[in-house]
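**Student:** Sequence:
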Amino acid sequence: MGGLSERPTSIWWFSNKGSSRQVFHRTADANPLDLLVFQFHFTDISQHTDRVRSRIIQLEEVFNMSSDWIAHGILDSIVDSFFPLLEDIGKEVAAIEDLVLTAAPFPGAPQHHMPPVPVQRSRESDEMESTSIDSLQVEKQSTTSADHVKPRFSSPRLTLPLALRRLRRFIANQWRTLRKVKDVPQPSPTYTTLRRMARSRRLVTSLTRLLATKLEVIAQIRKRLLTSSKAVPANRKRWNDDLDVAIYMGDVQDHILTLQHSLAHYERILSHSHPTYLSQLRTGVALTKSGTDKAIIYLTFVSMAVLCIQTLIGVFSTNVTMPTNDHSPEGSYNIFGIIIAVSICILCTYAYVVRRWWNQAKEKRR
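Residue numbers (UniProt numbering): 1 to 366.
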């Protein structure tokens, strides 16, 4: 068996398994079998094979390195690689739970921000920029090396209007330059938290699905080893080796069960935290909307009250014959007082009507 090519995400193997052409008494000639196997992996699995190979070298004189023992080593290494992921998931779930239960998702609450993604520049743009810079430098050297020619006209004398124009042009250029520089927008804390929850739940679901198949495989291997060990052993040493590997497979099975129980626990926490956070967001939006509605109602109340009073004041402000106060210094202000009293009555009536409508609306909502 030999490897044709090896890549970070895929491994290609070609296996040629053939038998020699032999003549048997009751069977025909055997035909050779060519088998081509393709193995695709998301990550490099050489770490597992290297780990098993090093264990074989260390324990070569202690254990019988059978195929079952090698299979146990590979499965044990693969299962152990899940524990760092489980630890990271536990930290992330604890942070999300603390964020949901202790920090309110309202403005001013402490939230975690994701680091900004750096803007990557293409190679072609860098080459074009370097080429333009080189050409500008060559042009500058050629202009500076030429003879200096004095202008025909002298520069204008600096005056106040000219200085103001130059200052305005300088400020405009600086402002235009600042507007061109655009910062990478920061994602909102709410969006970041929801993405963290969704990413954690997706990772927990993926690991649970992967471990489910491994548990079935190990259970079948362990069952086969235990069945072979219960039979009458023809070789005592082989029987002991199968029993030891079955015990080791039981340990791997216990590790998988531990991982599954931990993932189920994290899934329950996330399934409770996610709706809780969404309900907090809905409550915050409802409170904000309620405050906005009250502000609009108050503004409408004041505007309509001013219009009601303005009608009365406008009637007594026209250029027609209307009862007015005496314009003499010794005159009274009876008409003015009457207008003020009527305006107050209008305001009280308007406030009473609005209050009654408000109470009726509350009763309908109940």
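Simulated from the structure, these hints should not be mistaken for lab results.
For every residue, glycine included, the Cβ atom is placed at its ideal position computed from N, Cα and C.
One thing to keep in mind: the hints can contain errors.
[As the list claims (entries may be wrong)] The calculated lysine to aspartate or glutamate pairs, modelled on DMTMM-like cross-linking and capped at a C-alpha distance of 20 Å, are:
| id | residue 1 | residue 2 |
| --- | --- | --- |
| 1 | 223 | 241 |
| 2 | 289 | 244 |
| 3 | 223 | 267 |
| 4 | 362 | 251 |
| 5 | 289 | 267 |
| 6 | 223 | 44 |
| 7 | 362 | 267 |
| 8 | 91 | 267 |
| 9 | 214 | 92 |
| 10 | 294 | 267 |
| 11 | 223 | 254 |
| 12 | 214 | 363 |
| 13 | 294 | 363 |
| 14 | 364 | 293 |
| 15 | 223 | 363 |
| 16 | 214 | 68 |
| 17 | 91 | 76 |
[Claimed, not checked] Simulated restraints, written as ranges between beta carbons of each label pair:
| id | residue 1 | residue 2 | range |
| --- | --- | --- | --- |
| 18 | 306 | 359 | 49 to 59 Å |
| 19 | 275 | 301 | 55 to 65 Å |
| 20 | 301 | 170 | 23 to 33 Å |
**Student:** For the pair supplied as a hint, residue 364 and residue 293, confirm whether the alpha-carbon distance does not exceed 20 Å.
**Tutor:** Distance of about 17 Å is within 20 Å: holds.
**Student:** Given a hinted range of 55 to 65 Å, is it respected by the beta-carbon distance of residue 275 and residue 301?
**Tutor:** For residue 301 against residue 275, whose Cβ atoms are near 38 Å apart, the range 55 to 65 Å is violated.
**Student:** Do the alpha carbons of residue 223 and residue 254 lie within 20 Å of each other, as the hint requires?
**Tutor:** The given pair, whose Cα atoms are some 15 Å apart, holds under the 20 Å limit.
**Student:** Straight-line Cα separation of residue 223 and residue 241 no greater than 20 Å?
**Tutor:** holds (15 Å)
**Student:** Run the distance test for residue 214 versus residue 92: straight-line Cα separation, threshold 20 Å.
**Tutor:** violated (25 Å)
**Student:** If I claimed the Cβ atoms of residue 301 and residue 170 lie 23 to 33 Å apart, would that claim hold in this structure?
**Tutor:** Because 51 Å falls outside the window, the suggested range is violated.
**Student:** Decide if the proposed pair is consistent with the structure: residue 223 and residue 363, CA atoms, cutoff 20 Å inclusive.
**Tutor:** Violated, at about 70 Å.
**Student:** Using the Cβ atoms, figure out if residue 306 sits within 49 to 59 Å of residue 359.
**Tutor:** violated (24 Å)
**Student:** With a cut-off of 20 Å on the C-alpha distance, tell me whether residue 289 and residue 244 pass.
**Tutor:** violated (68 Å)
**Student:** Quick one, are residue 214 and residue 68 close enough, alpha carbons at most 20 Å?
**Tutor:** Distance of about 16 Å is within 20 Å: holds.
**Student:** When you check the alpha-carbon spacing of residue 362 and residue 267, does it fall within 20 Å?
**Tutor:** Roughly 42 Å separates the two Cα atoms, so the pair is violated.
**Student:** Take a quick look at whether residue 91 and residue 76 sit within 20 Å of each other, Cα to Cα.
**Tutor:** violated (24 Å)
Comparing the model with each earlier hint shows violations of hints 2, 3, 4, 5, 6, 7, 9, 10, 12, 15, 17, 18, 19, 20; every other hint is respected.
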